[in-house]
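Now for the letters of each chain:
Number of protein chains: 4
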Amino acid sequence: MNLKEFFKNDRFAAMIGAELVEVSEGYAKARMLVTAEHLNATGYCQGGALFTLADLAFAAAVNSHLQVTVAISSNMTYVSNVKGGWVYAEAREIVNHRKIPYCEVRVSSEDGKLLAILNSSAYRMDRTIEAL
Amino acid sequence: MNLKEFFKNDRFAAMIGAELVEVSEGYAKARMLVTAEHLNATGYCQGGALFTLADLAFAAAVNSHLQVTVAISSNMTYVSNVKGGWVYAEAREIVNHRKIPYCEVRVSSEDGKLLAILNSSAYRMDRTIEAL
Amino acid sequence: MNLKEFFKNDRFAAMIGAELVEVSEGYAKARMLVTAEHLNATGYCQGGALFTLADLAFAAAVNSHLQVTVAISSNMTYVSNVKGGWVYAEAREIVNHRKIPYCEVRVSSEDGKLLAILNSSAYRMDRTIEAL
Amino acid sequence: MNLKEFFKNDRFAAMIGAELVEVSEGYAKARMLVTAEHLNATGYCQGGALFTLADLAFAAAVNSHLQVTVAISSNMTYVSNVKGGWVYAEAREIVNHRKIPYCEVRVSSEDGKLLAILNSSAYRMDRTIEAL
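Residue numbers (our numbering), protein chains in the order written: chain A, -1 to 130; chain B, -1 to 130; chain C, -1 to 130; chain D, -1 to 130.
Next comes chain A alone, as it looks inside the complex (with noise of 0.2 Å):
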């Protein structure tokens, strides 16, 4: 199973233009290129963006293992902004429990710059990614 061909079904990222470029065992990153698209109101990427492309770092972190593993509670802080270019997310899986594994993703900037951090508690259940 190769997990960055399954998230490419995840359309709401596509739409976004959210998408991984690498997944290994407890850990993902993704990429969006912020344009014009993305901004709020106030001219700056929305949260909602920058949270999906965490979120979709986090999914395939957490489903690497191929059980399919989904998120109960998903705490965003926000850092700095950014109004254009390539933002990352990595996430890193620190707890890789049986049931309740937990997660944390950075995203950054194309210059590095910090911008958000989401720290998320996930639950597994019982079926497989093969299984869907």
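Treat the hints with caution; some may be incorrect.
Identical copies look the same in the list; a pair holds intra-copy or inter-copy alike.
As the list claims (entries may be wrong) - Cut-off 30 Å, straight-line C-alpha distance, at most; resulting in silico cross-link-like pairs (DSS-like, lysine-lysine):
{"hint": "1", "residue 1": "111", "residue 2": "81"}
{"hint": "2", "residue 1": "111", "residue 2": "97"}
{"hint": "3", "residue 1": "81", "residue 2": "2"}
{"hint": "4", "residue 1": "111", "residue 2": "27"}
{"hint": "5", "residue 1": "2", "residue 2": "111"}
{"hint": "6", "residue 1": "81", "residue 2": "27"}
{"hint": "7", "residue 1": "81", "residue 2": "97"}
FYI, nobody ran anything at the bench for these hints, they're computed from the structure.
Computed from a predicted structure; not experimentally measured.
With the hints as your guide, set chains B, C and D onto chain A.
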């Protein structure tokens, strides 16, 4: 200043089909029609789509006093899934603090099922919406 | 099973003076008299004291169905300070899910001022309170 | 100003046996010996005790620049249980922002097992620690 008009400048919310339907002091309601474009790789509405809808309602509620207010930290809890139909987000500013307000948002399906809860702490800047 | 009696075994809550005053299905109320012993280095009630009070109410509310339920992730938002007097925590289980319930707790001073809000996701274990 | 000395005025932390062992710019470490007095009704260290320990380390780290800084919102995630022995909390200020810093705290047992993670957004006030 008509906040519903102002938030039409949120191009990201517009792209994903999220729109405000009501704004008053400390309150806002937004809606979005979930279509195939909003689904994730497992066939349910993507968490980022629900987050963005909730965030739009939050932004309108905390900016309803016309002082620019931005999210500091937003905690999203997922309750149920949805595969289509209208979803609604209702935001209530529980704490109208002069610097650090706090807002709760409930996201529900068109048949009234609770889908997610967003709790956000925000920061009021020294600027009015009109001055943007 | 009397939950108020059961939670008297919470020695930490007892040490700091937090006690349950009411428990029903999906609901609990706890109280604590803030004294000099609860203050932090700046002279206000320590966040950990308010958290513990809120956590006691949360634990009683989510365990009110007599299935052992533990916190996964708890988000504490501080609203105002207090230097003394009674403080109360009221917990409401908003989502009574068979595996992952969700509970909101409001902490208030004796004159009704909101002090803090605790939002917690929890996990139900395959064990009853009676079996402990 | 010696921050370790200053935080000895945190009477609540002292009552529960939490103490700072190290403080430097943007960093702090605290410890607590878990005894029978720290246990909850199910026989494990109470979440509020671990939270208070983590909060003490957080407070020292974000106040290490000697500007009074208070928590806005703190997200506590529970990873494992402990029944006794030393527990440690290490706080790192990830974002040293002039108004809204962000700090991560890891709580571990004496054998290095991760017990909990606290992520906190904070607010810097227009006051120095010396002026308190």
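Status of the hints after comparison with the structure:
Taking the closest pair of Cα atoms, residue 111 and residue 81 come within 30 Å of each other only inside a single copy of the chain (13 Å); across copies the shortest separation is 36 Å, beyond that limit. When the C-alpha separation of residue 111 and residue 97 is checked against a cutoff of 30 Å, the pair qualifies only between copies, where the shortest distance is 18 Å, while the shortest distance within a copy is 33 Å. For a Cα distance limit of 30 Å, the shortest separation of residue 81 from residue 2 qualifies both inside one copy, at 27 Å, and across copies, at 23 Å. In the homo-oligomer, the alpha carbons of residue 111 and residue 27 lie at most 30 Å apart both inside one protomer (16 Å) and across protomers (27 Å), since each shortest distance falls under that limit.
Proximity of residue 2 and residue 111 under a CA criterion of 30 Å is satisfied intra-copy only: 26 Å inside one chain copy versus 32 Å between copies. Both within a single protomer and between protomers do residue 81 and residue 27 lie at most 30 Å apart by alpha-carbon distance, with minima of 21 Å and 27 Å respectively. For a Cα distance limit of 30 Å, the shortest separation of residue 81 from residue 97 across copies, 22 Å, qualifies, whereas the shortest one inside one copy, 38 Å, does not.
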